[in-house]
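Chains A and B, in that order, give the protein sequences. The opening position of the first sequence corresponds to residue 1455 in the working numbering, with each subsequent residue numbered one higher. The opening position of the second sequence corresponds to residue 10 in the working numbering, with each subsequent residue numbered one higher.
These are calculated hints, taken from the structure and not from any lab test. Note that the Cβ used here is the ideal one computed from N, Cα and C, for glycine as well. Any given hint might turn out to be false.
Only part of the chain A face toward chain B is listed, based on derived beta-carbon distances under 10 Å [as the list claims (entries may be wrong)]:
id, residue
1, 1461
2, 1463
3, 1466
4, 1507
5, 1517
6, 1552
7, 1559
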Amino acid sequence: NAGVMQNPRHLVRRRGQEARLRCSPMKGHSHVYWYRQLPEEGLKFMVYLQKENIIDESGMPKERFSAEFPKEGPSILRIQQVVRGDSAAYFCASSPLPIREAFFGQGTRLTVV
Amino acid sequence: GQQLNQSPQSMFIQEGEDVSMNCTSSSIFNTWLWYKQEPGEGPVLLIALYKAGELTSNGRLTAQFGITRKDSFLNISASIPSDVGIYFCAGQLEGGGSNYKLTFGKGTLLTVNP
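Construct the complete structure from the given sequences, taking the supplied hints into account.
Quick look at the structure:
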């Protein structure tokens, strides 16, 4: 059973471009969570999605950030018009139920130049 | 937002030594989780604690859920070089409606000298 798959592992974008991060949850998991980790910081909750629904986006900035988890395909975290402060590691986690012990992917390290 | 104070920030120890790190908060948590993160990787769950006073082991790792529900500690006995990494505590705040949301500490960087 493959783990949570995130791609790309590393992403470089120029200021003003769009960043699109993908997350394929573990097989059988319909709950996906996105966290952001700034350098030398802990992970911070961004958004929780179930298939086709955003359940909680309280940790996601209101502007430029959006997330989706379509019926088919991976979950996508989209950052429009990236700025240097968006540089961070973005982790996706998944679970079969809305539980705490979600499994994390390896992350996408976004660098904005 | 809610904060978890994790200490120490970093530790340099010799192989074979025991290690202890802890997390404290001013808020009550109903779950404590301990994760390890290696460079370039995602966090891996080590131990999960669900009840105040609970003491749980996973090999050389032992963690406890504090009686006040505001703290937790992790001990690693007889450290080995592969214990190197960043250890995070994470908690789930008491209260309904968000049983999935974790609050993370800033991590303890562990270096083990062979």
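Tested hints:
no.: 1; hint: 1461; verdict: 13 Å, violated
no.: 2; hint: 1463; verdict: 8 Å, holds
no.: 3; hint: 1466; verdict: 16 Å, violated
no.: 4; hint: 1507; verdict: 13 Å, violated
no.: 5; hint: 1517; verdict: 19 Å, violated
no.: 6; hint: 1552; verdict: 4 Å, holds
no.: 7; hint: 1559; verdict: 5 Å, holds
Checked against the numbered hints above, the structure breaks hints 1, 3, 4, 5 and satisfies the rest.
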